[in-house]
Amino acid sequence: SQQGEEDPQALSIQEGENATMNCSYKTSINNLQWYRQNSGRGLVHLILIRSNEREKHSGRLRVTLDTSKKSSSLLITASRAADTASYFCATDDSNYKLTFGKGTLLTVNP
Amino acid sequence: GAVVSQHPSRVICKSGTSVKIECRSLDFQATTMFWYRQFPKQSLMLMATSNEGSKATYEQGVEKDKFLINHASLTLSTLTVTSAHPEDSSFYICSARDWAGAQETQYFGPGTRLLVL
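The listed protein sequences derive, respectively, from chains A and B.
With the numbering used here applied, the first sequence corresponds to residues 522 to 631, in that order.
With the numbering used here applied, the second sequence corresponds to residues 15 to 131, in that order.
Honestly, I wouldn't trust all of these hints.
Stated by the list, open to error - Short, incomplete list of chain A residues facing chain B, as computed with Cβ under 7 Å:
1. Ala540
2. Leu564
3. Phe621
4. Lys623
5. Gly624
If you're looking for bench data, these hints aren't it; they were derived computationally from the structure.
C-beta: ideal position from N, C-alpha, C; glycine also.
Isolated chain A (complex conformation) (with noise of 0.2 Å):
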């Protein structure tokens, strides 16, 4: 079953706005981490947030996790065209296997 389905599937917004992307997953967890693809690239790790934890910060990223209702978002703030990009989240299990989303394609417009 499919595990991390972020939301929205797109985002479109103006250079400087904040962005936010949800997740949200079925099982237990280890920890939840986001990860970004340049469109035909690699991921980039971007943040891991521990399942004990609930708010986590990276220069311009704010990553929360809430297990409670098995889910987590991440804000990008003050967004540059440069930070357009494929966003996913990746859920991990006991045995360090990541399930991924479906991800969120940003567009920042300059």
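Let chain A serve as the given structure and place chain B on it in line with the hints.
For chain B alone, coordinates are given in the frame of chain A:
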């Protein structure tokens, strides 16, 4: 940071031929590597877990005889797509866990785009 490379970056082959894709961890040792497949505008689907010195573990629905995985050393895993067909055309991505580092973090290669004619 940890770097994972893949070779080739893209390959075109004729139907029925076999294609080998290499995944290398360049500055760390990886006892475990993962192979994913990604179809256009879709997410990554885990195909198999490659363990150094032992047989790979395949996900449900992935044919082990079609997608041969060899993890011969702590820095190299290979995926061979045997008797490739057009439906095997996809983006194949590997990742590796740093044996000595944070176990949760996987480092991804740049991917290999396979086109089967």
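Which numbered hints are broken by the structure, listed smallest first? Hint 1 contradicted; others consistent.
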